[in-house]
Every structure is written in structure tokens, then in C-alpha cells.
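Based on the sequences and whatever the hints tell you, model everything.
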Amino acid sequence: MGFFLETLFGGLMSGMLYALIGLGFVLIFKASGVFNFAQGAMVLVAALSMARFSEWIPAWLGFENLLLANVLAFIVSAALMFLLAVAVERFVLRHLVNQEVTTLLMATLGISYFLDGLGQIAFGSSVYSIDVGMPKDPIFILESLFEGGVLINLEDLTAAVVAALLVAALALFFQYTGTGRALRAVADDHQAAQSIGIPLNRIWVIVWSVAGLVALVAGIIWGSKFGVQFTLSTAALRALPVVILGGLTSVPGAILGGLIIGVGEKLSEVYLGSLVGGGIEIWFAYVLALVFLLFRPQGLFGEKIIDRV
Amino acid sequence: MSASDRDQRIGKVMLDLQNISLSFGGVKALTDISFNVREHEIRAIIGPNGAGKSSMLNVINGVYTPQQGGIEFEGRRYTRMNPRRAAEMGIARTFQNLALFKGMSVLDNIMTGRNLRMKCGLLAQALRWGPAEREEIRHREFVENIIDFLEIQAHRKTPVGRLPYGLQKRVDLGRALAMEPRLLLLDEPMAGMNIEEKQDMSRFILDVNDEFGTTIVLIEHDMGVVMDISDRVVVLDYGKKIGDGKPDEVRANEAVIQAYLGVAH
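Just so you know, the sequences run in chain order Y and C. By this note's numbering, the letter at position 55 of the first sequence is numbered 55, and the numbering carries on one by one without gaps. Just add 309 to wherever you are in the second sequence, counting from 1, and you've got this note's numbering.
It is possible that some hints are incorrect.
Residues of chain C clear of chain Y, computed beta-carbon distances all greater than 10 Å [as the list claims (entries may be wrong)]:
| hint | residue |
| --- | --- |
| 1 | 359 |
| 2 | 387 |
| 3 | 451 |
| 4 | 471 |
| 5 | 474 |
| 6 | 497 |
| 7 | 505 |
| 8 | 507 |
| 9 | 512 |
| 10 | 566 |
Simulated pairs of lysine-lysine, BS3-like, Cα-Cα distance not exceeding 30 Å [what the hints assert, rightly or not]:
| hint | chain 1 | residue 1 | chain 2 | residue 2 |
| --- | --- | --- | --- | --- |
| 11 | Y | 30 | C | 411 |
| 12 | C | 507 | C | 466 |
| 13 | Y | 225 | Y | 136 |
| 14 | C | 466 | C | 411 |
| 15 | C | 428 | C | 411 |
| 16 | C | 549 | Y | 30 |
| 17 | C | 337 | C | 555 |
| 18 | Y | 30 | C | 466 |
| 19 | C | 549 | C | 337 |
DEER-style ranges, computed between Cβ atoms [unchecked claim]:
| hint | chain 1 | residue 1 | chain 2 | residue 2 | range |
| --- | --- | --- | --- | --- | --- |
| 20 | C | 406 | Y | 234 | 38 to 46 Å |
| 21 | C | 505 | Y | 175 | 31 to 39 Å |
| 22 | Y | 294 | C | 381 | 56 to 64 Å |
| 23 | C | 374 | Y | 189 | 18 to 26 Å |
| 24 | Y | 124 | C | 332 | 51 to 59 Å |
| 25 | C | 406 | Y | 287 | 34 to 42 Å |
Just so you know, these hints were derived from the structure itself, not from any lab. Even for Gly, the Cβ is constructed at its ideal location relative to N, Cα and C.
Shown next as C-alpha cells:
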């Protein structure tokens, strides 16, 4: 039982990270109706920027304070993601208003390749580390209930809490502010939104900035766990099943989808892995997503599309 | 309000459309159309299907840019308009095929109409800073009045997609009203409604015009309704203007009768 719980908690925590990356996809899909292939590249660029600036800034300014370095690097990276959002709107989206969704999709693929390249030119292509001073030591809980207790990784726990807070804040923002309402309005109907004077351009900049910020947080957590390297860009696409599971239009769906996939991966690896020779973790999420596509294509919470014939 | 009272209210020319021509590729949607709209009046645009009525509305609202002609709104002349600028100048509209934000509640849908009037920044809203909070409450009060006015109190929290069609049309009107428009464009506000719903909607339109003094341009197919509520009527056929005047004059117009009833060749 203790071992089961340990696996479960481990799964929940990596699930939170998936949820965070999935959230980036959902935000942009909600606001512009397009699946943003560049989300992974955004995570990479954000993580690279965080890793490099936290190293460069102390060197330039000549101080040695980990916390200050990280705070400054975070601010610079967030500013970078904002500039990116402005650039994407100015040079890509603005010219594609009212175009086919496929066109927009291809555009995000283009942005993705562009960012992959730019990230490496600007920040180098080695493996970097991010150290935001997260506690590394494992702790044991529930020792009174089980022999040996349940091992919990404090780093994972911190990450999960940060992710959960961010998600909650975003959900509240979307639901209860005027700007959040405008964002949802744009997501529902571009034309109507324009007719009541909601500025599409500004909304897109906000959405891409928020998605950039989410990418930054995801990048920091991922980077401090596994290091920052080029593969991060494609690794982020592993969150794809998360949004298929949760529904592309649902913030809570992204969270629950992330948790299900995180837990499913870990549990299946441990309990089913031996039956098929292991390695389940790598493809489990995709198979689960496939099953969902067959039986519930709109995902757990997505809007069911009913077309008038 | 009696007919003569109504006539007295009508003021100077507010919107003047001069020689508007619009074509899509080789298809001429509008050819050399001129007419004006006076303050406080209800101006109807009628015509058979495909006559260019919706195109006309889209020109006023800036969705389409006409190849020729100009638009004068409150004394200023525009050759190009866009929907956002139109909204800022106080032009609101509803849509022929509902364009509501389906996933959002009735209240939220109408609240979006207040968007342009919200002055507090993103950060202030996010942090629920005092002024932003007060602003939200003030707008909410305004919207509640609209909800009362349109008699949809019972549905304020219902997602719009779940409401019956007639009520959705009201929400569409409510969202436009929330903008406190000077000029309100209604694209077939009564299409697909039964008689009772049409009567309700006519009453709302007249009340908006009477109580708020809003100038209204509407497209409608139901001749009875048009003749009852509008002050002046423009008739379009195949993108050309074939009649313009008071309902009675239009009804007696030979070209209009031919367009509607056909003519023996």
C-alpha cells in the first residue's frame, strides 16, 4: 500500500507539470481557436533564457546571490516572452485574421521552428541547469500508517504547489475580470467581439504573453528537474495527450488530464510494465489519448461540437 | 407617443451615406446607394433576399469597405471604417445569424458590451484593486438595468447556448444596448420568431428608441412590423435603391410593388 501511494503521488506531481504545459495549449486555443505547435518551443526558449540569464546577470553585475539572480533572470525572461507575444501578433497573427484554421496551424509550426533556431543561436545549444533553490531532499510522510512511510520528493511537491497556484490564479482571472471576459468573448466569436469594440490585437498579445508566462514556469520546473536542453521543445509535445484528454477548450480539463496522464503513466509502468517488458511510460499517454479520440473526441470537458445539418 | 410627437423628436442628419458602391470580385453587391439617417428615428432597410441589405449594414459598421462613396457620421467623413472604430464612435449592432458568446452566461455576454467603457488596467483588474472593483460594480448595475428592461432576469446565469432562440435574440440586443450606442444597427431582429416574440421585440425596439433616444437602423422582412414601427424606409433591390420615404409612400411606390410582387412581362 505504501508503495502504491508513493507511485500515485509521484504520478500526481509529474501530472501537475504536464497540466501546466497543457494549460499553455489550452489558453491559446481558447483565444484564437488554433492549436499552438510552438508551445513546446516557447517552453524551451523560456527555460534557456532563465538558465542563461541567471548565470549571466550575476557575472555582468558582479554579485553572488542566488535568489537575486533568479528573480532578475525571471523578470528578464518574462519580458522576453512578452516581446515574443508582441512580435507574434505583429508579424504573424495580424496578417492572418479570418484565415483558415489550418493556415494558422501551419504558422505556429513555423513559429516553432523559428524559436528552436533562435533559442539556440542566442543562448547556445549545450545542456544547462536551472537552480532556483528548490529543496531537493526527499521526506517521508504517513510513517505511522505504513511501515517505512511514503517517500515524497520535496522538489516535486514544491513544483506541484506552484503549478496549482498558477492554474488557480489563471482560472480566477479568466472567470472574474473584465479582461478575462473579453478573452473568452474573442474565443467564442471574433466578429461579434470586434463589433462591440474588443481589440483583437491586444487580446492576442495578452493571451500569448500569459501562455509565455506559463511556458516560463513550466520551463523552470522542468529545467530544474531534468536540465535544459534542446529536446525540451519536443518533450513538451508529450503534453499533447493531456489536452486531448481534457478537452482543448477547458482549463480544468487540462489540469485533470495532466493528473490522469501523470498517474496513469506511473501506475501502468509499475503494475503493467512487467507484463509487456516495460517501457509503457513512453507510449501510455498516447494510447490513452487514442482511446479518448475514439469514444469522446471532445475530451472530458471540451465543448461538444453539434453542427446544424 | 403619438405620430406627431415622434416626428418632432427626429433631429438633424446623423449618418449620411453618399454614393456607396461595393463589389466582391465581379459581383456587385451595392451600386451607387445614397441615403441618410436622422437622429432619433427608426430607419428600416427592406428588400428581397440578396438585395444587399446586410452588405449595407456591414458597410456602415466597417466590416466591408466600399470601393466608392463616403460615409459621414456626425459631421465627420470617412472613406474607411473598421468595426472597432465604429464601436468607439457609438455604433452597435446585432447579427442576423446570432453571434453570441455561447459558452458564457447571459450576464457575461451583456457585460462584454461594457468592454470599451472599462478604463482600469489589466493588473488592477487582476488584483481586484479598489477602483477596478468599483468600476466592475458600476457596470454590473448598468447591465442589470438592461436585463430588467429586456425581461430576462430569470436567465441571467444561464449559458446563452441553452436559451431558446427568441431569448438569444434579446441577449444579442442587450449586448448591443450595453454599449450605450448612439446608433443601433439591427440585422433582422425578428427573423424566425413567432408572432408573440415579434410583438415583444417590436416593443423593445420602440422602447429603446423612446426612452434612450437611440437612433435605429433595422433590416426586417416582416412588412407589417416594418410599416408599423419605422419612420422612414429604404428599399433595395439587386443592390440598387428603388425607394425611399415614409412607409405609406414606399407602399404606394410602383417600383417597390414590382420588386416584391413581380410584374407581368
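Structure-based check of all given hints:
no.	hint	result
1	359	holds (21 Å)
2	387	holds (16 Å)
3	451	holds (13 Å)
4	471	holds (12 Å)
5	474	holds (12 Å)
6	497	holds (15 Å)
7	505	holds (24 Å)
8	507	holds (23 Å)
9	512	holds (24 Å)
10	566	holds (35 Å)
11	Y/30 - C/411	holds (13 Å)
12	C/507 - C/466	holds (24 Å)
13	Y/225 - Y/136	holds (10 Å)
14	C/466 - C/411	holds (12 Å)
15	C/428 - C/411	holds (26 Å)
16	C/549 - Y/30	violated (41 Å)
17	C/337 - C/555	holds (27 Å)
18	Y/30 - C/466	holds (21 Å)
19	C/549 - C/337	holds (10 Å)
20	C/406 - Y/234: 38 to 46 Å	holds (42 Å)
21	C/505 - Y/175: 31 to 39 Å	holds (36 Å)
22	Y/294 - C/381: 56 to 64 Å	holds (59 Å)
23	C/374 - Y/189: 18 to 26 Å	holds (21 Å)
24	Y/124 - C/332: 51 to 59 Å	holds (55 Å)
25	C/406 - Y/287: 34 to 42 Å	holds (41 Å)
When each numbered hint is compared with the structure, a violation occurs for hint 16 only.
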